[in-house]
Amino acid sequence: MPSYTVTVATGSQWFAGTDDYVYLSLEGTAGCSERHLLDKPFYNDFERGAVDSYDIIVEEDLGEIQLLKIEKRKYWYQDDWYLKYITVKTPMGDYLEFPCYRWITDEREIVLRDGRAKLPRDDKTQILKQHRRKELETRQKMYRWKEWHPGFPLSIDAQSHSDLPRDIQFDNEKGIDFILNYSKAMENLYINRFMHMFQSSWSDFADFERIFVRISNTISEYVMQHWKEDFMFGYQFLNGCNPVLIRRCTEIPKKLPVTMDMVECSLERNLTLEEEVKQGNIFIVDYELLDGVDANKTDPCTIQYLAAPICLLYKNLENKIVPIAIQLGQKPGPDNPIFLPSDATYDWLLAKIWVRSSDFHIHQTVTHLLRTHLVSEVFSIAMFRQLPAVHPLFKLLVPHMRFTIAINTKAREQLICECGLFDKANATGGGGHVQMVQKAVKDLTYSSLCFPEEIKAKGMDSKEDIPYYYYRDDGIKVWEAVKSFAEDVIHIYYESDEVVFEDVELQAFVKDIYVYGMRGVKASGFPKVIRTREKLAEYLTVIIFTTSAQHAAVNFGQYDWCSWIPNAPPTMRCPPPTEKGTVTIEQIVETLPDRGRSCWHLGAVWALSQFQDNELFLGMYPDEHFVEKPVKEAMAKFRKNLDEIVNVITERNKNKKLPYYYLSPDRIPNSVAV
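The sequence shown lines up with residues 1 to 674 when you count with full-length UniProt numbering.
Be aware that a few hints might be false.
Unchecked claim - Listed next, the in silico SDA-like pairs over lysine to any residue satisfying Cα-Cα at most 20 Å (straight line):
(1) Lys410 <-> Val674
(2) Lys297 <-> Asp594
(3) Lys84 <-> Pro388
(4) Lys69 <-> Thr5
(5) Lys458 <-> Glu274
(6) Lys89 <-> Lys146
(7) Lys254 <-> Thr345
(8) Lys410 <-> Ala30
(9) Lys134 <-> Lys297
(10) Lys331 <-> Asp286
(11) Lys89 <-> Val58
(12) Lys632 <-> Met620
(13) Lys629 <-> Leu119
(14) Lys331 <-> Glu579
(15) Lys442 <-> Lys629
(16) Lys124 <-> Ala30
Claimed, not checked - Derived CB-CB ranges, DEER-like:
(17) Arg116 <-> Glu147: 21 to 31 Å
(18) Ser162 <-> Asp335: 46 to 56 Å
(19) Asp497 <-> Glu59: 45 to 55 Å
(20) Val529 <-> Pro334: 46 to 56 Å
Keep in mind that the hints were calculated from the coordinates and are not lab data.
Every residue gets a Cβ at the ideal spot worked out from N, C-alpha and C, and that includes glycine.
Between the sequences and the hints, there should be enough to build the whole structure, so can you do that?
This is the structure in C-alpha cells:
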C-alpha cells in the first residue's frame, strides 16, 4: 500500500507548540486520503521548535498532491499552534513543500497548497481555483478597511491589538506596549525621577545634561557638544533623522523678503544673492504645513506654541550647508523679523531652535507617521485582501509587512490616540498631529515615494554639487538593489507585459491601494492598473523600499539626533520672538520643554530607536515562502548586492565623527515594526 512520509515543523516562538489533537489529510488528482490523527494530547509532538515525522498509509496512490488539510481540535483549553511548514515525501520519492507560517487557533482547519508560486492563470483545475477564491473571501472578511480620521489613508478595522487576526499580532504583546516601554526607557536612562516634574524649568543648557546619557563615541554626544554651531544645524538637513525636506532654491519666495544687504556677510563667492541662486548654492526648507495647526491645549497649566518657519541655507566654499536667514512665520512684516547669523548670539540661537522644533514635528507626523507607517499599513492590508498565499507577489511582499498593522494598531490604541502618550510632551499633540496629516496627504504622491525621482525633484541629485548627502547616496544604492531583486522575481513568473496586465489579483491589489489607501485621488499619481513588467518592478520597489529602507532612515536616528533636548524640542513654552535684541539665555530656557516633558520625550526617542528582539534585516528571509530554485538564487544575489553596499558604507564611515549608517542594509529591518 502506498506510504507518504509527512514532516511537520512547529515554530520556535514562545507558546508556539500545542497539546491539541492534530489531524492531516491529503487531496490529490487521483483521490483523497482519510483523516489521519498525527498527535494526541501529551504525546510530546508539536512542541516549540520541534520537527516531527509520520508515515501515512493509503489504499491507493493519490496522484499529484494538490491540497493538504490540517485540523486542530481542542483537548482542554485554547492552545494556539504556530505551524511553519509541512513536507511530504511521496511513494515515488518526490518531496513537496507546503509553507504555512501561520497560527492555527481554536478548533480550526487550514488548507495548504504546495510552495510553488502560481499566478491565477496557472491554476487549471476547479479545486485549485476554488481554494484560491475561498482564501481571499475569508481574508477580506478579516482584513477590513476603516477610516480612522477624515482624509487619512484608510487603516485596519480594529479597535485594539487583540482584535487583529492572530497571524499579524506580535508574538508578545508586552514587547510593544508603549506605556510600559516608555516607562522602562526612562528607568533605564535614570530619568524617571524627573518624569512627573511638569512646569518645572531647567536652570540652563548644562542642566539638560542631568537627563542626558553619555555613551562614548556616539552621535548624540557629538550633537550635544556642537548643536549651537551653524554647520551642525545645516548638516542635519542632509543626514539627520529628517533628511527629506531640504530642496535647492530656484527663486527666493516673496514671503521671505531677504535682501543682499542682509546676507552679504554670509556669502563667500563675491556673488549677489540672485547669482548664488542661479549657480545652485542656495537651499530652502519651508515649514508652511505647520501654519494654522493648533498647538497642544491638553494641559491648562502649560501654554504650548508652534511656528511655521522658513529657513534659507547656503553651500559655502567648503561644501557645507549652513543657515543664512530664518523667518519664524509665513507672513512677512515688522513683527516677523528675518533672523541672521550676524544678529545677537541668542537671537540667532533661538531662531535656530524654533526651526529644529518645527523640524521635529514635521518629522514625527509627516515623514515618519504618514509617509512610512500609514502608507505601509495600506500596502499590508491590500496585500492580505487581494493576494493569496500562493501568489508570487504575496510571497515576495509578506516579509516586508511583518508586524506593521500590529504596531500601527497599538499606536492608535496608546500613542497617537486622544489623551495618548503623544499628548504628554508634544506641541502637536491634542489634535494638531491629525491636522498635519490631513494637510500633508495632498503631497503624498506616488512619485514622492520613488526615491531617485523625489531626490531629483528637489534638485538634490548632484553628487558633485552636494557631496556630503549620504542619505541620498546610500538610499539610491539600496533602491537599485531592491529594484534589481524585484525585476529578477518578476521575470521568473511574468514572461511578458501581457501576463502582468492579465493578472487579476495583482490588478485588484493595485486598485485597493489606489481606492482605499489613496482615497481614489487622481492627483496622488498612484496607478490604478499596472500594464508592464517595468512598471511592476518600480511599484514593488516603492513598496519594499518604503517599508524597509525609508522607515529605517527616518526612525532609527531619533535618539542620536533628538536626545539632546535643545536640538529637537518637542514643544516650546513661549511664543516666537517678534523683535530682535531682546532674547536672553533665561528666555531660551523658559521656552524649552520643562523637566517632565523632556523626560517623556527622551524616553520616547530611546524606545523608538531600538530594534525589535530577533529583528530581521533587509534580505533575511528565514520563512521560506518560495521553494523554487530560481527565486532562491535571486535572493542570494540580492544578499550579495546588499553585503557590497554594507562594505562600501562601513569603509566610508571609518574614522568619521559623524558616521551615517541608517541606510546600511545590515541596519535596515525588513518591515515597519517599531
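Worksheet item: Is Lys89 within 20 Å of Lys146, Cα to Cα?
Response: violated (44 Å)
Worksheet item: Are the Cα positions of Lys632 and Met620 separated by 20 Å at most?
Response: holds (12 Å)
Item to complete: Could you tell me whether the CB distance from Ser162 to Asp335 stays inside 46 to 56 Å?
Response: This hint holds: roughly 52 Å between Cβ atoms.
Item to complete: Would you mind confirming whether the straight-line C-alpha gap from Lys331 to Asp286 stays at or under 20 Å?
Response: holds (12 Å)
Worksheet item: Straight-line Cα separation of Lys254 and Thr345 no greater than 20 Å?
Response: Given pair Lys254, Thr345 is violated - Cα atoms ~27 Å apart, limit 20 Å.
Item to complete: Below or equal to 20 Å on CA atoms is what counts here, so check Lys89 against Val58.
Response: Within the cut-off at roughly 13 Å; holds.
Practice prompt. Given the hint that Lys124 pairs with Ala30, test it: the Cα-Cα distance must not exceed 20 Å.
Written response: holds (16 Å)
Worksheet item: Are the Cα positions of Lys629 and Leu119 separated by 20 Å at most?
Response: holds (17 Å)
Worksheet item: Hey, Lys442 versus Lys629, does the alpha-carbon distance stay inside 20 Å?
Response: violated (43 Å)
Discussion item. Holds or violated: Lys84 and Pro388, Cα atoms, limit 20 Å.
Written reply: Given that 20 Å is the threshold and the Cα spacing comes to 17 Å, the pair holds.
Discussion item. Tell me if the straight-line CA distance from Lys410 to Ala30 falls inside 20 Å.
Written reply: violated (48 Å)
Worksheet entry | Supplied distance hint 46 to 56 Å, evaluated on CB atoms of Val529 and Pro334 | At roughly 54 Å between Cβ atoms, Pro334 and Val529 fall inside 46 to 56 Å, so the hint holds.
Figure legend: structure checked against the earlier numbered hints; hints not met, in rising order: 6, 7, 8, 9, 15, 17.
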